Amino acid sequence: MGRRIRYSRCRTSPPSTLLDFLAARFPYLTPAAWAAHIAAGHLTVRGIAAVEPAHILQQGDEIEFNPPRELEPVVDEYIKIPHRDAAVIVCVKNGNLPVAEGGRYSGNTLVGVLQRRDAADVGRESTREGKRKRSDDGNDERIDHTEASMCFPVHRLDKETSGLVVLAKNANAARLLSMQFEQQSETLTTKVSQLTDIDDDDDDDDKEMSLNTFEELLTGDKVVIKSYIAVLEGAPAVGAVFIVCDRIGLLSESIPASSSEAQYHTKLKKLKMTCFPASVKKNPERHGRSACSRIRILSSDKTLGVSVASVDILTGRTHQIRLHCAQIGFPVLGDKLYETSTPGVVGGCRAVPDDIYLERARECVSMVSTIAPQLRVKRHLLHAAVLAFSHPITKERLMFFSDPREWFLRDVSEESTADKEGNSAIEALRDLLEKAMESPFLREAQLSNSP
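In short: position in the sequence shown from 1, add 55, done, that's my numbering.
The set of hints was computed from the structure by calculation and includes no laboratory data. Where hints are given, some of them may not hold.
Unchecked claim - Here are the simulated DSSO-like cross-link-like pairs (lysine-lysine), alpha carbons at most 30 Å apart as the crow flies:
| no. | residue 1 | residue 2 |
| --- | --- | --- |
| 1 | K277 | K433 |
| 2 | K322 | K433 |
| 3 | K277 | K357 |
| 4 | K433 | K450 |
| 5 | K135 | K490 |
| 6 | K490 | K391 |
| 7 | K322 | K246 |
| 8 | K277 | K324 |
| 9 | K277 | K322 |
| 10 | K433 | K325 |
| 11 | K246 | K433 |
| 12 | K450 | K324 |
| 13 | K324 | K337 |
| 14 | K433 | K490 |
| 15 | K277 | K450 |
| 16 | K325 | K391 |
| 17 | K325 | K337 |
| 18 | K135 | K277 |
| 19 | K357 | K135 |
| 20 | K246 | K337 |
| 21 | K246 | K336 |
| 22 | K322 | K337 |
| 23 | K135 | K450 |
| 24 | K246 | K135 |
| 25 | K490 | K357 |
| 26 | K135 | K391 |
| 27 | K357 | K391 |
| 28 | K277 | K246 |
What you are looking at is a predicted structure, and each value in this text was computed from that prediction instead of being measured.
Put together the whole structure using the sequences plus the hints.
This is the structure we're talking about:
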């Protein structure tokens, strides 16, 4: 079954053609690509195959998009599975694999990969047994793969973010796991709001969350623990720590529709996020939602122009880490969507224009930063390195650590082969990652979170 959407428009707006609606609502494909899908019969309107791009949609029309999987963008299906049982499966995914369907992806996802592998495993097992199951009346009974291949995403990583993710194997486990994530998020969001939202009567408009307070919240009575490693553009001093509490919300909230800038951010207005001040005086409309991150520089190389950081978050807003890193002037290396207008200086987070991002995403463009020109990266170098939670059925504490080096280095190549001294840029990055892994903070994570 394909993905479905119901067409709705304002009563004062004229009806849209099928092609115009699809191209405007889902710009991840070009109008020409949508026209080709319509011609190939991959779309239905009210259950009838749509053959005309100029078909006029009626209010409430249900549109279904069901393309063959081979027409989806190719993904990297390489994953690791450090833990699986009857209730949960913990995976380490690569940086070219969505967790679940969305945008251009339906079957080429982590969920799809797991379902296909489970079905294949069941098939191989039945072959080894040398016969099919037989029903009581002696007739062949086909094995049902549905139960074996069930996967329910509990939380998500961006397609280009590698690392640890947990999925549930049944609906009950999914419900119990989701409660852990959601309840903790609500509790911490409330605490972060109380500590970072500044009232008009507050004398200290520049009040910030202290390092000690952040650590207390991070290491308190938390059921779920998530920590990330990122390679950043720029080389701040090793040991530098940034606490970022800018609120996060839709970019469209910050740009008046009448402004000239709005035209560059119309197609992706539901995707693009931005940072808003926590201060009521600076953000009286209270745009965005409370968010708080700690970015700690573990290793740094001024010659290479990059650094490695650990990132801990108290909230889980959309694109939070990428936005907060860009906001302090050190974006995640390879980010196709967010950059900084003030390298090395706080306050310059911005999203690139729609057409630039869409070209990068559609063509899987490898990125070369002006700050780190020796490296070409296929995707943003962000990795979910630590994940801990309570098993939804047994209540056992499960903790995992995933080393980011393999997952980063497989997506990096050299734009220039060496620096003036003849040193390899890839080897320099490898050394930088090695130094980061030897930092006391990561050593502790490896020891306490390895299965």
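Hint by hint, here is what the structure shows:
For the given pair, K277 sits about 34 Å from K433 by alpha-carbon distance, which is inconsistent with the 30 Å threshold. A hinted pair counts as satisfied when its Cα atoms are at most 30 Å apart, and K322 with K433 qualifies at roughly 24 Å. Distance hint between K277 and K357 is unfulfilled; the C-alpha atoms sit about 37 Å from each other, more than 30 Å. A distance of roughly 39 Å separates the Cα atoms of K433 and K450; the hinted pair therefore is violated under the 30 Å criterion.
For the hint pairing K135 with K490, the CA-to-CA distance comes to about 24 Å; that is within 30 Å, so the pair holds. For the hint linking K490 to K391, the alpha-carbon distance of about 27 Å falls within 30 Å, and the restraint holds. The suggested pairing of K322 with K246 is violated, with an alpha-carbon distance near 35 Å, which exceeds 30 Å. A hinted pair counts as satisfied when its Cα atoms are at most 30 Å apart, and K277 with K324 does not qualify at roughly 34 Å.
At roughly 39 Å between alpha-carbon atoms, K277 and K322 are farther apart than 30 Å, so this suggested pair is violated. Under the criterion of a C-alpha separation no larger than 30 Å, the hint pairing K433 with K325 is consistent with the structure, at around 24 Å. A hinted pair counts as satisfied when its Cα atoms are at most 30 Å apart, and K246 with K433 does not qualify at roughly 37 Å. At roughly 41 Å between alpha-carbon atoms, K450 and K324 are farther apart than 30 Å, so this suggested pair is violated.
In summary, the hint linking K324 to K337 is supported, as the alpha carbons are separated by about 23 Å, within the 30 Å threshold. Distance hint between K433 and K490 is fulfilled; the C-alpha atoms sit about 23 Å from each other, no more than 30 Å. Among the hinted pairs, K277 with K450 is consistent with the structure: their alpha-carbon atoms are about 14 Å apart, no more than 30 Å. Restraint check: the Cα-Cα separation between K325 and K391 comes to about 16 Å, which is no more than 30 Å; the hinted pair holds.
For the proposed pair K325 and K337, the alpha carbon gap of about 24 Å is at most 30 Å, so the pair holds. As the CA atoms of K135 and K277 are separated by approximately 26 Å, the hinted pair is consistent with the 30 Å bound. Proposed proximity of K357 and K135 is contradicted: the alpha carbons are some 33 Å apart, above 30 Å. A threshold of 30 Å between alpha carbons decides the hint, and for K246 with K337 the separation of about 21 Å falls inside it, so the pair holds.
A C-alpha spacing of about 20 Å is found between K246 and K336, which places the hinted pair at or below 30 Å, so the restraint holds. Simply put, K322 and K337 have alpha-carbon atoms about 28 Å apart, close enough for the 30 Å limit, and the pair holds. The straight-line distance between the Cα atoms of K135 and K450 is roughly 24 Å, inside the 30 Å bound, and the hint therefore holds. Distance hint between K246 and K135 is unfulfilled; the C-alpha atoms sit about 35 Å from each other, more than 30 Å.
Distance hint between K490 and K357 is fulfilled; the C-alpha atoms sit about 14 Å from each other, no more than 30 Å. Pair hint K135 plus K391 holds up; C-alpha atoms about 26 Å apart against a cutoff of 30 Å. The straight-line distance between the Cα atoms of K357 and K391 is roughly 22 Å, inside the 30 Å bound, and the hint therefore holds. Only pairs whose Cα atoms come within 30 Å are accepted, and K277 paired with K246 is accepted, the gap being roughly 13 Å.
This entry does not satisfy hints 1, 3, 4, 7, 8, 9, 11, 12, 19 and 24, going by the numbered hints stated previously.
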